[in-house]
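First to last, the protein sequences are chains D and F. Residues in the first sequence are numbered consecutively from 1, following our numbering. Residues in the second sequence are numbered consecutively from 251, following our numbering.
Each hint should be verified, as a subset may be incorrect.
[To be verified] With the C-beta cut set under 10 Å, the calculated list includes, among others, these residues of chain F facing chain D: (1) Arg326; (2) Gln333; (3) Gly350; (4) Leu430.
No wet-lab data here; the hints were simulated from the structure. Values in this document were obtained by computation on a predicted structure and should not be read as measured data. Cβ coordinates follow ideal geometry from the N, Cα and C atoms, glycine included.
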Amino acid sequence: MRGWGRKLLGYLGAVVVLLLAWAALSAAIGSPALPGPVIAIATFIEQWAEIWPQIAISGARVVAAMVIGTALAVPLGLWLGRSPRADAMAAPMIFLLYPIPKVVFLPVLLVLLGLGNTPKIALIALIVFFQILVTARDAAKAVPEGSIVSVRSLGASRIDVYRHVVVPASLPDIFTALRIGTGTAIAVLFLAESIAGTNGLGYYIVDAWGRIDYPAMFAGIIAMALLGVVLYEALDALETWATRWRVAGR
Amino acid sequence: MAALEFGSTSMTYEGSDRSVRALDALELAVDVGEPVAIIGPSGCGKSTLLLLAAGLLAPTSGAVRVGGSAVDGPRRGTALILQDFGLLPWKTVEANAALGLKIRGVAAAELHQRAISALEGVGLADFARAYPAELSGGMRQRLALARAVALDADLVLMDEPLSALDALKREELQDVLLGLWKLRGHTQVLVTHSIEEAVFLGRRVVVMSPRPGKVSAVVDNPGMGSEGYRVTEEYFETVKRLRRILAEEGVVAAADVVAP
Chain D
1 MRGWGRKLLG YLGAVVVLLL AWAALSAAIG SPALPGPVIA IATFIEQWAE IWPQIAISGA
61 RVVAAMVIGT ALAVPLGLWL GRSPRADAMA APMIFLLYPI PKVVFLPVLL VLLGLGNTPK
121 IALIALIVFF QILVTARDAA KAVPEGSIVS VRSLGASRID VYRHVVVPAS LPDIFTALRI
181 GTGTAIAVLF LAESIAGTNG LGYYIVDAWG RIDYPAMFAG IIAMALLGVV LYEALDALET
241 WATRWRVAGR
Chain F
251 MAALEFGSTS MTYEGSDRSV RALDALELAV DVGEPVAIIG PSGCGKSTLL LLAAGLLAPT
311 SGAVRVGGSA VDGPRRGTAL ILQDFGLLPW KTVEANAALG LKIRGVAAAE LHQRAISALE
371 GVGLADFARA YPAELSGGMR QRLALARAVA LDADLVLMDE PLSALDALKR EELQDVLLGL
431 WKLRGHTQVL VTHSIEEAVF LGRRVVVMSP RPGKVSAVVD NPGMGSEGYR VTEEYFETVK
491 RLRRILAEEG VVAAADVVAP
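Pulled out of the complex, with its shape left as it was, chain F reads as follows (with noise of 0.2 Å):
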């Protein structure tokens, strides 16, 4: 049984003088504890996508599915972090995380210990009493991950959640994303602009193509999570391989291909 499922899905906003259809017939399964990465120009339905499998929206057709269920509105064990994060300027960084246990309606001694313990996963204990805006981008982005991990989410969603960071942290905070999967093995579809982030985080990379959005290929990606996939032939192949397919689709310019 897949863990996310999308069965001939569509999806279309209407607007005030005309309508988008942001996905058509979208086919879809994520297995259990699979990490999977989305990769597609603007507009290809990405985030649609993920608003849909978080139960955020309804498809206008078709079905989605969550644990064999329909989703009908927000899970418990579904955990979505945005672009922005999603924190919140007037929580601490603790209340930050504990934040959706608390909306679970967890007592207040077990929310505490599970938010720091979160915390502690990804090196922010120490700055439990500070505010967000007192926390650097890349500390901001282990904070929305702690959330994640306190509400011990078997499905990850996340909508390119690097993309405001700098190359080094970049590199950083996809380590850490892996290691919190590797650690807790949940289903995951991490939504990116980034060729290599897709490659180095997703053991499937899905290619959308945009209007209306859908699935136009699957890249198989085995390696991905070995020790030091990053510098290995085999992630700088998958790499290529993913840029040529992304080419084709137009999406990246036919002169990128060869070049790194």
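Next up, chain D with everything else stripped away, as it sits in the complex (with noise of 0.2 Å):
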């Protein structure tokens, strides 16, 4: 509990300094397009009944396509990098698709996929795909190769080596790649749904941009701010839950 306590007192230490600075900017342009922080908050509170399902339709987008891409990726990471073969095959094409910035697939992905959910997803779940199969490819790479051969001696199979050592191994690797891969994922998000579609946070703020109501525009930001928050302090309790004997003899 005492870590929570810690952990809430500095994301609070960090939203006033950030709010501090904010209506200091504010004030020092004095434009109606970055307005201060108090009509902003007012605004994301008074609209709170129109914000949330936003909040709801985007999450579940980032969610589900993170969900999908890692299911993907993991299991083929996994195996590419125990397996010289198939990896000496995989390899370069991975490292020809890897630095491909993924958004530029957008306007094939509303062609094929039109403009509702799945596009946005499959996007999103593309970026996050490569990101967690380079990092699960490399994280199996490095088990220790003691550990794979005391558990072969109590006559493990190739399911038991991954289930007990390859997996769990790989774990705190494929969280780290996981949290950071979370701003990327909403980033993205943002992108899409300012481009295409009708509901989400991305579309809220470009739609209340188009309006020229600059305070709606800022709660919007304040939601997705929060809704990347919740995304990766989830992941860390998640990690810290998975990976709990990382923790023990510190």
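Join the two chains, each given in its own frame, into one complex according to the hints.
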């Protein structure tokens, strides 16, 4: 509980500092395009009934995309990391595709998959997939050979080796990649929602912008920041639980 | 019938530009329930010998037999304890002790009971829920032993299991090893760098020479396991004899032959 208290206090301090800086900047610029935090927060509360469904829609899209991307990338990445032959064939392909910014495929996805949830989820899943794939592959490669030999000497099958050694050994790296990935995922979500569709936080922000309703625009930005924090902390809690052995002995 | 038998066993590792002959026509038979210690310099193929016995490597030529049948993969009754203990940091002490049983598909209730009684046997029952990172070096070693005990192994292979411990802990764990062997009567092959450890834990001490690895001498040590053996004249004499043999092999400096 002390850890939670400290974390909350940290967030509180960060929020105070950010709000003060924001207020100072807004006052210095004096343009309606950058309203102060007071009016933005007031609008956020006022518009809550309208904003929270957008948070739910955007949140559902990001979570679905991250689950799909991870579920596909982890088994494939671990397998490539443990199978030199498969890796030799797949690695060049991965390294050719990896640096391409996947957002460039948004137009293609929109044409193929329409304007609904599917292209947005597909795009984010694609980005998450590559990040997790490369991480899982490298993590599986780095599994200590001694752990594998000791488990194999107990008569472990290939599946047992994955289950008892490769998967748990790679989990910390995969979680790190996922946490870093939330930032990218939300940025891409904004882009996808602002270009196509009629709902979600990205749409809400761009729509407010179009109406020159800057306080509403910033209320949407606050909502997006909250979504990011919640996702990041949820992943952090999940990681702490899934890799509790790492806290031991410290 | 020997519990473990090597018949003109050779092992060559094929590297990218050269091949290394780790074992050359090795002949060795270990009787059922016999504790054997293997000593020799680095590169004499000691670890290879254990990996072959455990079924994790296949010999280039010759035979490896356990209980009379050729080894063709890891075997149920064989436990291998490695230098780094082979513990999995993400599993609790109990789950580490039970890992071999779990892989063999033992039911949860029996698994728990056998793991706990194995942990009791090495004095770790109070730490069942801890993780390996929370244990000291000696306790980790005990845990690695508990895994072999839980398996009810009839052949225990150990690759320098105590080399990471300080001298006092080492003697304590040697006593634990001896106690377990006396209690269970399994066949035991211990690879070690320590002359004293070899004499304390090997009823026969096999001396190996390097490049290519082969048996260069065998020292019989019938007093091993008797009460207070560590302080008997026979123990010291055997240590000295072994030291002399190793000096002739050029493994220990000749000046060390007389000194304790």
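Which hints, by number, does the structure contradict?
Result: hint 4 breaks, nothing else.
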